[in-house]
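Novice: If you want the building blocks of each chain, they are given just below.
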Amino acid sequence: MTAHATREEGDSIVAVEGLAVWHGPVPAVRSLDLTVRRSEILTLLGPSGCGKTTTLRAIAGLEAPRGGRIAIDGRTVFDAGRGVNLPPEKRGLSMVFQSYAIWPHLTVFENVAFGFRARGIGGDRVREAVRRSLALVGLDALAERPATRLSGGQQQRVALARAIACDPGVILLDEPLSNLDAQLRLAMRAELKELQRKLSLTAIYVTHDQEEALVLSDRILVMRQGEVEQAGAPAEIREAPASRFVAEFMGVRNIFPCMVAGGQGGRPVAMLTGGVRLETRAAATSTGPTFVCFRPTSVRLFAAANGGGYPGTLVRRALLGDLMQSVVRSGELEICAHHFPGDGLSEGDSVRWSVAPDACFLVRA
Amino acid sequence: MIGTAATVRRSDVGAFRLLRPRWPSPERALFIAAAFAVTLLVAPPLVAVVATSIGQGAAAALLTPLHQPAILLNTLVLGLAATTGAVTIGGGLALMLGGNGVPGRGLLERLVIVPLYLTPLLTAIGWSWIGSPRSGLLNLFLHGVGLTEVDVNMVSAGGVVAVSILSYAPLPFLLISDALRGIDAAMIEAARVHGASRRFALRRIVLPLLLPAALASSLLVFVQAIGMFSVPAVLGMPSGFNVATTEIFRLLENYPPRIGEATAWGLYLLAVTAALTFAQSVLLGRRSFATITGKSFRPHVPGRSKARHLYAAAAWLYVLLATVLPLLALLWAASIDFVTADPRLMRLTARHFAFVLFQYPKTWLAAGNSALLGVATATLVTLLGLAVSWVVIRTRLRGRTSLDQLSMVPLSMPAMVFALGLLWVYVAIPFLPIYGTIGILLVAYVTHYLPFGVRAAAGAIRQLHPELEEAARVAGASWLQSMRWITMPLLRPALFASWILLFVMALHEVSASILLYTSSSTVLSVTTFDLWENGNPSDVAALGFAQLAATFVIVGFLLRARRRAVLA
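Protein chains in written order, with our numbering: chain A, 1 to 365; chain B, 1001 to 1568.
Note that these hints are calculated values from the structure, not bench results.
No residue lacks a Cβ here, since even glycine has one placed at the ideal position from N, Cα and C.
There may be inaccurate statements among the hints.
To give an idea of the chain B side of the interface with chain A (calculated C-beta under 8 Å), a few residues [claimed, not checked]:
(1) H1465
(2) A1471
(3) V1474
(4) A1475
(5) A1477
(6) S1478
(7) Q1481
(8) I1486
(9) P1489
(10) L1490
Build the full structure now, drawing on both the sequences and the hints.
Specialist: So, in structure tokens, the structure goes:
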């Protein structure tokens, strides 16, 4: 690779092209491209088995890909065509593992100092760097404690301190919050974001939790069966899922097959079974089967006497924390609505429902 | 080109050609080294036994075992009886001591496995003092209390079987205890909640889950029992109960040695054990018995049983028969002046100890050789076992499964057969002059005990989350640094424990040593047997007891040093 090529990549710290990883006869990742820009968090989001962790491990050098190219900070660390494959320790990364991987025979201090020791660095500089990163995660008081005597949350912080201590170009995070209980997870999520802003960290974050991805990321890659299904900013992914898979994964509960007709004002109209016609906000350009989607929070429910909308029967309700979930059967459709409780309706009532035109969108299969 | 020092240009690699993973070069080097070592150790003797008994027009010799149906039958009967007995007793003890509230459970669990640290040779000699017809201690006692018609005879087929059972019961005990600890309590609780009684849950859930361990230990005991030389030599040969190993020994003691016929016997033993190993792999085949699954694993501990005092008593009885009585008999035999029919005429003396320790010329030579072999065997097997297991568990290199299987071959190869093969190989290779030195014994020991080293290391590595090593690599450690700083320190306690067991097992090896030693490369176990054949029986007892005492002192010292190192 030439210096010229390096400059072309500009602000990108990590560049992956055409990555292919096979597990025996099974493709885990097929032809994946991604770039990570300086000081951003890129999230790989998807269900288990979609290849997100494999991608991360291939970038770390823990997995031998079959094809593609990986460059970190302008330096080719893997290139199938030229037989380049640097071992993990030569890639200048750090990583937070799902199990934390805190070494039980070392103290907290030695765990964090390991990266320096491995590179033959010692002395005050190391002590200073370790103390600083332990302070950043709020563990400076526990430096001399054996790593076995730590709670789950503390281990998580040690893993984080270890990852930032050496000032790496990129931090890889492999579902770091998935082993924590719900409350701690929320707290650590906020702390992680705070830390990333403060230190301008560049990170690749792997998770299967859409909420985590939305809160933490600058950009999200939604993965499916080893390929990128959609890439974009959190708001973009949430507001305009490109496919039925992404829509489902992002928590859109109402997805129905439909025909599309041109409506007034250029807005396409989705024609559903039972004569339901829903005006949508954007054109679905691709051919093939099309689905109309809307979020449960966009559904409006009212008593049948009021008129308007489409008729249905309220078949089920359940309280989901702050919101009420109502399921309405309307012909062959089953509409899911989330709204504040206290509308005076009850199960078995005849109701009417409607969706705001701005809330409906079309996706491909 | 920036920082691509590791770049290797391969002109023939097209964009769509399969790329051979290049970064695991240290792993690959380790794999190649381990595969090379294991193949060199295992393959030549195996090939030699098969080739020599088939080739060289040895068809006549190949049929010799068929002319000795009694010996064939004796061997099979010994193998089956010892296996049934040892698995029943070992498995029974595992189930009995597995429960809560058995008095002295912790101590008993440790005492029950002491026979692993004794040698069957000394247990057999001890029992020959207790149970020889008429003059044995037990018979003297029985006659003394007036039971003159009763005469217990341990120097018999029954004695061989009984001592084999006592000696080998700890193997099934260990394997089945482990399997028992691997059962998730939730599996039993689920059975109870769905209406199973305690007994029903034991029969339908616990026992089936223990089946693989029971089968594995059956195979292990069977191979050990039919390949065992010491016990049949001490208790069987004098009473005319001959088995394959004693027959091989007799054929080789002949002048000139009848090696062809001996090898034929070896091939028969090998055929039986190979067939059983194959049968076991077919039986367990695709059934998965992964009992430890996820995070919230709780080991199953059976509740407090009403029979717990009975269980403790049974375990104490086993300890008495397998350890305490034979040791006391040895001590007694080593300390009396002369054996007479009237116990009141016997005098205590230290002269047998004095003789074996200060006058008998072979003692210190043998002790030196044994210590050297013990340390070298334990160290080499631990390291090679670690290398093999690491490659098999931690890498995805092609051929690693074959390496694993190859390293397990010695398990189904009786030591004596293996020694025969080694004889053929190293007598035939003049440029490797290890025949007649302790070098050939070392090769035999390392190969014979390799499966134990591999299994011990594998167990330890599986306990270690792979991310612990990966974290070191990503943090900047090379493969070697990650092995030195992370893997080895974390495995050290487990490797130390297996080192000690290997050291003690190597001290006890008789079956292979008896074919491979020479007067300058003799070892303690062989010297003991030699003295038993040609010397004063009380001297044998003294030598045996001194050897055991020394072993226990050394092991105790090592364990204590280890504990201090951990505390420091």
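Novice: The structure should be examined with respect to each hint, and the outcome stated for every one.
Specialist: Results of checking the hints against the structure:
1. For H1465(B), the interface hint holds, since its Cβ comes within 8 Å of a Cβ in chain A; the closest pair sits about 5 Å apart.
2. Given hint, A1471(B) at the interface with chain A, holds; its Cβ is 4 Å from that chain's nearest Cβ, closer than 8 Å.
3. Among the interface hints, the one on V1474(B) holds; its C-beta lies about 4 Å from the nearest C-beta in chain A, closer than the 8 Å criterion.
4. Among the interface hints, the one on A1475(B) holds; its C-beta lies about 4 Å from the nearest C-beta in chain A, closer than the 8 Å criterion.
5. Taken as an interface hint, A1477(B) checks out: its beta carbon lies about 4 Å from the nearest beta carbon of chain A, inside 8 Å.
6. Restraint check, S1478(B) versus chain A: the minimum CB separation of about 5 Å is within 8 Å; hint holds.
7. Here the hint on Q1481(B) is kept, as its CB sits about 6 Å from the closest CB of chain A, short of 8 Å.
8. Satisfaction of the interface hint for I1486(B) is found here, the shortest Cβ-Cβ separation to chain A being roughly 6 Å, below the 8 Å cut-off.
9. The restraint placing P1489(B) at the interface with chain A holds, with a minimum CB-CB distance near 5 Å, inside the 8 Å limit.
10. This hint holds: L1490(B) has a C-beta 6 Å from the nearest C-beta of chain A, less than the 8 Å allowed.
When the structure is compared with the earlier hints, no violation turns up for any of them.
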